[in-house]
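Heads up: the sequence lines are chains A and B, in that order.
Start counting the first sequence at 1; every next residue gets the next number (the numbering used here).
Start counting the second sequence at 1; every next residue gets the next number (the numbering used here).
Among these hints, one or two may not hold up.
Remember, identical chains collapse to one label, so a pair may be satisfied in a single copy or spanning two.
Here are the computed lysine-lysine pairs in the DSBU-like style, where the Cα-Cα straight-line distance is at most 30 Å [to be verified]:
1) Lys6 x Lys214
2) Lys17 x Lys134
3) Lys224 x Lys74
4) Lys6 x Lys345
5) Lys114 x Lys137
6) Lys274 x Lys28
7) Lys224 x Lys114
8) Lys114 x Lys5
9) Lys274 x Lys224
10) Lys17 x Lys214
11) Lys345 x Lys134
12) Lys74 x Lys15
13) Lys345 x Lys28
14) Lys19 x Lys214
15) Lys137 x Lys74
16) Lys134 x Lys15
17) Lys17 x Lys43
18) Lys345 x Lys137
Hints are computed from structural coordinates only; laboratory data are not their basis.
The structure presented is a predicted model; accordingly, all values stated were derived computationally and were not measured.
Protein chains: 2
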Amino acid sequence: MEYEKKYDIILFHEKEKGKNFLSEVEGKNPLFICTIGNTQVAKIPGISAAGKFPEITDYTPPADVELLLLGSCKCIQGVPVTPEGIPTPALITMSALRLANIPAIVVNGGTRIKPHVPFIDVGGEPGEDIRTGKAVKNVEEVLERAKIAGENFSRIADYLVIGESIPGGTTTALSVMLAMGIDARGKVSSSMPDNPHDLKTRIAEESLRISGIKAGSLTNDPIKAVSLVGDPMMPAFAGLVLGAASRVPVLIAGGTQMGAILAIIKALNPGVLKNIAIGTTRWIISDAKSDLRGIVSQIADIPILAADLDFSSSRFEGLRTYERGFVKEGVGAGGAAIAAMMKSKGSISRETLLGEIERNYERLVQLR
Amino acid sequence: MEYEKKYDIILFHEKEKGKNFLSEVEGKNPLFICTIGNTQVAKIPGISAAGKFPEITDYTPPADVELLLLGSCKCIQGVPVTPEGIPTPALITMSALRLANIPAIVVNGGTRIKPHVPFIDVGGEPGEDIRTGKAVKNVEEVLERAKIAGENFSRIADYLVIGESIPGGTTTALSVMLAMGIDARGKVSSSMPDNPHDLKTRIAEESLRISGIKAGSLTNDPIKAVSLVGDPMMPAFAGLVLGAASRVPVLIAGGTQMGAILAIIKALNPGVLKNIAIGTTRWIISDAKSDLRGIVSQIADIPILAADLDFSSSRFEGLRTYERGFVKEGVGAGGAAIAAMMKSKGSISRETLLGEIERNYERLVQLR
Numbered sequence: 001m002e003y004e005k006k007y008d009i010i011l012f013h014e015k016e017k018g019k020n021f022l023s024e025v026e027g028k029n030p031l032f033i034c035t036i037g038n039t040q041v042a043k044i045p046g047i048s049a050a051g052k053f054p055e056i057t058d059y060t061p062p063a064d065v066e067l068l069l070l071g072s073c074k075c076i077q078g079v080p081v082t083p084e085g086i087p088t089p090a091l092i093t094m095s096a097l098r099l100a101n102i103p104a105i106v107v108n109g110g111t112r113i114k115p116h117v118p119f120i121d122v123g124g125e126p127g128e129d130i131r132t133g134k135a136v137k138n139v140e141e142v143l144e145r146a147k148i149a150g151e152n153f154s155r156i157a158d159y160l161v162i163g164e165s166i167p168g169g170t171t172t173a174l175s176v177m178l179a180m181g182i183d184a185r186g187k188v189s190s191s192m193p194d195n196p197h198d199l200k201t202r203i204a205e206e207s208l209r210i211s212g213i214k215a216g217s218l219t220n221d222p223i224k225a226v227s228l229v230g231d232p233m234m235p236a237f238a239g240l241v242l243g244a245a246s247r248v249p250v251l252i253a254g255g256t257q258m259g260a261i262l263a264i265i266k267a268l269n270p271g272v273l274k275n276i277a278i279g280t281t282r283w284i285i286s287d288a289k290s291d292l293r294g295i296v297s298q299i300a301d302i303p304i305l306a307a308d309l310d311f312s313s314s315r316f317e318g319l320r321t322y323e324r325g326f327v328k329e330g331v332g333a334g335g336a337a338i339a340a341m342m343k344s345k346g347s348i349s350r351e352t353l354l355g356e357i358e359r360n361y362e363r364l365v366q367l368r
Numbered sequence: 001m002e003y004e005k006k007y008d009i010i011l012f013h014e015k016e017k018g019k020n021f022l023s024e025v026e027g028k029n030p031l032f033i034c035t036i037g038n039t040q041v042a043k044i045p046g047i048s049a050a051g052k053f054p055e056i057t058d059y060t061p062p063a064d065v066e067l068l069l070l071g072s073c074k075c076i077q078g079v080p081v082t083p084e085g086i087p088t089p090a091l092i093t094m095s096a097l098r099l100a101n102i103p104a105i106v107v108n109g110g111t112r113i114k115p116h117v118p119f120i121d122v123g124g125e126p127g128e129d130i131r132t133g134k135a136v137k138n139v140e141e142v143l144e145r146a147k148i149a150g151e152n153f154s155r156i157a158d159y160l161v162i163g164e165s166i167p168g169g170t171t172t173a174l175s176v177m178l179a180m181g182i183d184a185r186g187k188v189s190s191s192m193p194d195n196p197h198d199l200k201t202r203i204a205e206e207s208l209r210i211s212g213i214k215a216g217s218l219t220n221d222p223i224k225a226v227s228l229v230g231d232p233m234m235p236a237f238a239g240l241v242l243g244a245a246s247r248v249p250v251l252i253a254g255g256t257q258m259g260a261i262l263a264i265i266k267a268l269n270p271g272v273l274k275n276i277a278i279g280t281t282r283w284i285i286s287d288a289k290s291d292l293r294g295i296v297s298q299i300a301d302i303p304i305l306a307a308d309l310d311f312s313s314s315r316f317e318g319l320r321t322y323e324r325g326f327v328k329e330g331v332g333a334g335g336a337a338i339a340a341m342m343k344s345k346g347s348i349s350r351e352t353l354l355g356e357i358e359r360n361y362e363r364l365v366q367l368r
């Protein structure tokens, strides 16, 4: 499929708005923020690519941000990989940020393991299984604190790029979207080629039932929706956007989980939506088993931009596997790649990015 | 005494270097960072202005940064005050940052009470009494993490202004300076007009003795000096400077405690000292009972700049009392005032600052 592009960035949805967003940030200095959290949902068999050891998902978010800030992980050996050995998308994010000299900050919405790098504490705690009906504690407070951080960062950065790392996050996103009246059934993405939609929908619907809410009954109460069936990344992420987007552009970097973030923002301050674009990867927009556009168009006229990454020519099998529907996105990989291209006015291309990713892959994965 | 000034900023020491530093930052956008911590030293009777309830010093740093970020405190009612009712210098800092629209971030070196605002966790813990010989845990790790944060902030801010809030901090500073060969006896400042030099020196010397070290024996080992007889603010503060000052100017905002910070930096990376200036208040440089210049000149040729604040004409007794030697400095008050003047190219003067401080005083203290 041929897409209209700016540099190696696909204008996938709301093209004119997407072009305007890119013009506004071209050559500018962004701050990349990675929000992290854990939810027990990741440990439900079959939900995430956790394999035989679901506890390993506790280590993924801290290891991802260690990779971003240090260039290697501290809380685990090597880097996070899927059971098939495919490396974390944080490898893409880190490579993009390093190439373009973009600073990064971590905001911890609630993880079981604390990263061994500086992180912003916004008072959050790890999330529970959404079938308990008490998924996230302290949502309003975390959102308010993250908002303060977002306001302050918006005064020094030209714009923000915000990503996330939370295993199991598409199922909690589906649940929050259902509660808020967005029909995302069969539309959320997966890090596995075989997207377990039936399982996700069953768990999401069961969680709503246990919480005593109907699809759409919490359209105007995102705090309650997240508290009941969300995850701890969400209030941190949404708070940052709410604090920053009235002052500077914000590229929300992720796949279908961004639908839940947009729904929260729309309910709390729709005026800032005009300053927001989604930054993701080609693997997400070309995925036949999820539908980001179908989700976003139910919420607001938000442009979707996708980094036109292509690993098919990579020297490494672990990277070529991205082309077969594994991983796809995460840790703001697509948004970080877009930001690197825009900061360098296109001189960082998908080729230069792949070269840097391969160098880091070799250093971190191949030779360990 | 007549001083040479730029706007309402006194060029007190190393005037030419001070002028150059100010030229470099004029009209630029700084990031203000407040480092915080607690040490049990604050609870030694007579050391800090804690009055009858030494536990109250646990609340001062979190309350100070809440005031900076929210405009009011959450963990206490009102604002931190001395036993005489004189308000925290955070009132000055907050007023300066607000007037000049300067963003602020908190880095927590280790407090007993967590602030109800976003803060950066660098893995620190509250400090012990320095007479235990194990004052601060995890010094090297905290320093490394703070350095990463400093590096990242230096990529988006034009320059950094770093302040501190840690009750009892001049005694730990004295101890670290003694261990590192700087004779600061009788030279450190106090928030009280009657500076208890004899008590501070006795505690510092006793701490060195208990730790089995001699004055000057740790000149080249700041990690050990802080671990044995320092406080948890120090590695956070020094790490931030070490991470940022190779790239951007850094105004280290405080009084005589900055001597300990400079000694640590000089031992670890003397090359960055040329990018550093001290920003303080007129109350510090005109204090007959301490000697900032006498401390700094033992370490390096660092300019000392002082905000020429004058509260003698204030409507409020609580502020006029600053002119009688109470409080003097803290929470980066002098540096924040300097940054506000420089960002506004002098249109924020000591008069406009006093007006804003009085408005905030009235709102927070007078009418509570």
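Verification of the supplied hints:
Neither within a single protomer nor between protomers do Lys6 and Lys214 lie at most 30 Å apart by alpha-carbon distance, with minima of 42 Å and 65 Å respectively. In this assembly of identical chains, the alpha carbons of Lys17 and Lys134 never lie at most 30 Å apart, being 38 Å within a copy and 58 Å across copies at closest. When the C-alpha separation of Lys224 and Lys74 is checked against a cutoff of 30 Å, the pair qualifies only between copies, where the shortest distance is 24 Å, while the shortest distance within a copy is 35 Å. Only within a single protomer do Lys6 and Lys345 lie at most 30 Å apart by alpha-carbon distance; the minimum there is 10 Å, versus 40 Å between protomers.
Proximity of Lys114 and Lys137 under a CA criterion of 30 Å is satisfied in both settings, with 18 Å inside one chain copy and 17 Å between copies. Within a single copy, Lys274 and Lys28 get their C-alpha atoms as close as 19 Å, and across copies as close as 29 Å, so both meet the 30 Å cut-off. Both within a single protomer and between protomers do Lys224 and Lys114 lie at most 30 Å apart by alpha-carbon distance, with minima of 26 Å and 25 Å respectively. In this assembly of identical chains, the alpha carbons of Lys114 and Lys5 never lie at most 30 Å apart, being 39 Å within a copy and 47 Å across copies at closest.
With identical chains, the CA atoms of Lys274 and Lys224 are at most 30 Å apart within one copy only, with a shortest distance of 25 Å there and 52 Å across copies. In the homo-oligomer, the alpha carbons of Lys17 and Lys214 never lie at most 30 Å apart, since the shortest distance is 34 Å inside one protomer and 67 Å across protomers. In this assembly of identical chains, Lys345 and Lys134 lie within 30 Å of each other by CA distance neither inside one copy nor across copies; the values are 46 Å within and 52 Å between. For the homomeric pair Lys74 and Lys15, neither the shortest alpha-carbon distance inside one copy (41 Å) nor that between copies (45 Å) is at most 30 Å.
In this assembly of identical chains, Lys345 and Lys28 lie within 30 Å of each other by CA distance both inside one copy and across copies; the values are 9 Å within and 25 Å between. Taking the closest pair of Cα atoms, Lys19 and Lys214 never come within 30 Å of each other, the shortest separation being 38 Å inside a single copy and 66 Å across copies. In this assembly of identical chains, the alpha carbons of Lys137 and Lys74 lie at most 30 Å apart whether taken from the same copy (28 Å) or from different copies (19 Å). Taking the shortest Cα distances, Lys134 and Lys15 never come within 30 Å of each other, neither inside one copy (39 Å) nor across copies (61 Å).
For a Cα distance limit of 30 Å, the shortest separation of Lys17 from Lys43 qualifies neither inside one copy, at 39 Å, nor across copies, at 59 Å. With identical chains, the CA atoms of Lys345 and Lys137 are never at most 30 Å apart, being 42 Å at best within one copy and 46 Å at best between copies.
When the structure is compared with the earlier hints, violations turn up for hints 1, 2, 8, 10, 11, 12, 14, 16, 17 and 18 and for no others.
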